[in-house]
Amino acid sequence: MKYYRSHVLIGISETSLAAGVESFVKALRAQLSKAGLSDEINLLETGPLGFFGKGICLTVYPDNVNYENLKETDIPVLVEEHLLKGRPVASLMLESAGKFSPKFNYASRIVLRNSGIIDPESIDDYIGTGGYEAWEKALTKMQPKDIIEEVKESGLRGRGGAGFPAGIKWGFTAPLQAEQKYVVVNADEGEPGTFKDRLIMEGDPHQLLEGLMICARAVGATKTYIYIRGEYKLCIMRLQKAIDDCRNYGIIGTNIFESGFDLDIEIKIGAGAYVCGEETAMIESLEGNRGHPRSKPPFPGIKGLWQAPTVVNNVETLANVPFIIKQGAQEYKKYGTPQCTGTKVYTILGDVAYPGLCEVDMGTTLRTIISEYAGGMQKGFKFKAALVGGAAGVFLPEKLLDVKMDLVSLNQYSAVLGSGAILVMNEHQSIVDMLWSILRFFRHESCGQCAPCKNGTQQLYRLITKIKKGEGTMEDVDLMQIIAETMLETSFCALGQSPIMAIRSAIENFRDEFIAITQK
Amino acid sequence: MYKEICVKYAPNKDNLIYILHEIQDAHPQHYISAEAVHEISEYLKLPENHIYGVLTFYSMYSTTPRGKNIIRLCESPPCYIKGSANILRKLKSILDVSVGDTTKDGKFTLELCACLGVCGNAPVMMINDDVYGDLSEEKVEDIIDKIRGRN
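First to last, the sequence lines map onto chains A and B.
The opening residue of the first sequence carries number 1 in this note's numbering; numbering runs sequentially from there.
The opening residue of the second sequence carries number 1 in this note's numbering; numbering runs sequentially from there.
Read the hints as simulated data drawn from the structure, not as lab findings.
Bear in mind that the values here come from a model prediction, so they are computed numbers and not experimental data.
Please note: incorrect hints may appear among the correct ones.
Dumping the calculated EDC-like pairs for lysine to aspartate or glutamate here, alpha-carbon to alpha-carbon at most 20 Å [stated by the list, open to error]:
(1) A:Lys469 - A:Asp433
(2) A:Lys384 - A:Glu513
(3) B:Lys8 - B:Glu42
(4) A:Lys468 - A:Asp433
(5) A:Lys326 - A:Asp124
(6) A:Lys71 - B:Glu39
(7) B:Lys8 - A:Asp402
(8) B:Lys13 - A:Glu266
(9) A:Lys71 - B:Glu138
(10) A:Lys223 - A:Asp244
(11) A:Lys233 - B:Glu22
(12) A:Lys399 - A:Glu331
(13) A:Lys268 - B:Asp134
(14) A:Lys233 - B:Asp130
(15) B:Lys8 - A:Glu266
(16) B:Lys13 - A:Glu287
(17) B:Lys68 - B:Asp129
(18) A:Lys326 - A:Asp125
(19) A:Lys223 - B:Asp14
(20) A:Lys303 - B:Glu138
(21) B:Lys139 - A:Glu72
(22) A:Lys54 - B:Asp130
(23) A:Lys268 - B:Glu35
(24) B:Lys107 - B:Asp96
(25) B:Lys107 - B:Asp134
(26) A:Lys268 - B:Asp25
(27) B:Lys146 - A:Glu22
(28) B:Lys92 - B:Glu111
(29) A:Lys233 - B:Asp25
(30) A:Lys71 - B:Asp134
(31) A:Lys26 - B:Asp130
(32) A:Lys233 - B:Asp129
(33) B:Lys104 - B:Asp134
(34) A:Lys384 - A:Asp402
Working from the sequences, and respecting the hints, build out all of it.
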């Protein structure tokens, strides 16, 4: 292996691509070669780096210096000063460094352990960090029932929103006799404010594939699909490369590791419909239909894709599995709380100092997440509320900042962890306005199959628009809650059952604001 | 002409979504015409109404001709609180179109879309396959000018 004096890790993600990282990398390579450093400095294009930074970011090892918001004009000084002379350029360094927790955003790393460290497009890098050892163990040393037992024991719950225990879900499908079973990865991330799955797939696609393989083995599925949003171009490219590399290495295919087990993974691309994140709608879409949710039961685990038993899991759920199999359930349970084990990846947005992502133990409070991992509130602003869980989430007011963020604790406040999106609002933001934006979203995304949701989302939008304009009354406010409650009880799927979350939490916690605007 | 694209896929219903994607991408006006639907229907042996059902369900497809460049501005809550409404107003004024319409020169179509998953850079829009983040009214004007100059 070639020895380099220094490694420069540069984060390639949709974020940095939007900032023009491609031409930056080209210019940096040219400058390195001009300075005669090409053999001394290794420039590695990796996934999202482990800190909150703006624009184009890079980390220099072994110095462990982080830079953010770089422009092409910064390259000469960066190369000359830091990479040639070894003097970090303070003016370009991450503004947040030293201002708050130096741990940055990874307090506990399971899902994002490789993200920003290895080259996500290199299978050798992944194998070099112990990758695919869990797959080999699951395939050659464990029986399917042992895998399921281990996952049950670990307490892993689905990370897509509902929080159903993964081991139990697999346990429904595993014993069924069927000619063909399927596993489908739900990578149709559409919850507004959520992009954790994108970061997982961009930063470490192999970890998802390994989790998927283990799941397939556990339930006896030989065909698997990754249903991904059409907009996630970089993820699609990286996943496809990862799948091709696995096939070439014999990690998937026929008679893998002489075990007699066959497995194939295929990427399926969505066409833009929020409702397809609902597992049965996703299955309909995979079959080439409109994404209308099916009636449950039967659940997909019994009758799913083409009426065959089908396990549908979220990206983050599966990305936890290699750790559980390799290190064991006991080790996994050291993270999180007793009722809700493991870690959670959050995306933190809105009026905080450093929007971005973090992976922390389940049960970490919202206060800690905002103050330690997002650098607190944007300078000069006060916290008003956080919308947790995207459009299908709830508004948490300041008095609930110390609630533990896990599926069980949040339930006591009829809140959900949802997808892990945290949208922070400052004291100048209007809850009514925000709720309007949410209800407009639901009106647009309702699939139109069932009347309560189709008509309900229209009526909710009509009412909130009236209230927003200052033409509404408190009766309209209460009517919204009644409609949303009716939708909760009568809608066909989770989409129509969701608007109540935001509406109820907004009205309960910020009633004054509704009173003020209706009395204008 | 659409047959050539169809035959790349096995004639199964589950390939409909991918055939639609490819036909739309290949068309200079980024849409799926009535002839295309007819040919797909013959190839997949599916009724045309099923194809229209699917086509009109998903937001990425269009049944009407669109501009050379498709602008999709995110209107989800995270972009909304970062001022996407101002960006929309700006786009409407510099392009002189309303949402869903195409400019007279056929260069741009303005659309709204749900979350693009790049919320760290809100407000965000996508033009064709490229994401543009941290938008301001000035920045939007620059971006549009550059694309206008290119084609």
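Consistency of the hints with the structure:
| no. | hint | in the structure |
| --- | --- | --- |
| 1 | A:Lys469 - A:Asp433 | 10 Å, holds |
| 2 | A:Lys384 - A:Glu513 | 12 Å, holds |
| 3 | B:Lys8 - B:Glu42 | 15 Å, holds |
| 4 | A:Lys468 - A:Asp433 | 7 Å, holds |
| 5 | A:Lys326 - A:Asp124 | 18 Å, holds |
| 6 | A:Lys71 - B:Glu39 | 49 Å, violated |
| 7 | B:Lys8 - A:Asp402 | 56 Å, violated |
| 8 | B:Lys13 - A:Glu266 | 17 Å, holds |
| 9 | A:Lys71 - B:Glu138 | 19 Å, holds |
| 10 | A:Lys223 - A:Asp244 | 15 Å, holds |
| 11 | A:Lys233 - B:Glu22 | 15 Å, holds |
| 12 | A:Lys399 - A:Glu331 | 34 Å, violated |
| 13 | A:Lys268 - B:Asp134 | 30 Å, violated |
| 14 | A:Lys233 - B:Asp130 | 9 Å, holds |
| 15 | B:Lys8 - A:Glu266 | 16 Å, holds |
| 16 | B:Lys13 - A:Glu287 | 7 Å, holds |
| 17 | B:Lys68 - B:Asp129 | 12 Å, holds |
| 18 | A:Lys326 - A:Asp125 | 18 Å, holds |
| 19 | A:Lys223 - B:Asp14 | 15 Å, holds |
| 20 | A:Lys303 - B:Glu138 | 53 Å, violated |
| 21 | B:Lys139 - A:Glu72 | 18 Å, holds |
| 22 | A:Lys54 - B:Asp130 | 18 Å, holds |
| 23 | A:Lys268 - B:Glu35 | 26 Å, violated |
| 24 | B:Lys107 - B:Asp96 | 12 Å, holds |
| 25 | B:Lys107 - B:Asp134 | 23 Å, violated |
| 26 | A:Lys268 - B:Asp25 | 17 Å, holds |
| 27 | B:Lys146 - A:Glu22 | 18 Å, holds |
| 28 | B:Lys92 - B:Glu111 | 10 Å, holds |
| 29 | A:Lys233 - B:Asp25 | 14 Å, holds |
| 30 | A:Lys71 - B:Asp134 | 15 Å, holds |
| 31 | A:Lys26 - B:Asp130 | 18 Å, holds |
| 32 | A:Lys233 - B:Asp129 | 8 Å, holds |
| 33 | B:Lys104 - B:Asp134 | 28 Å, violated |
| 34 | A:Lys384 - A:Asp402 | 14 Å, holds |
Hint compliance for this structure: hints 6, 7, 12, 13, 20, 23, 25 and 33 are broken, all remaining hints hold.
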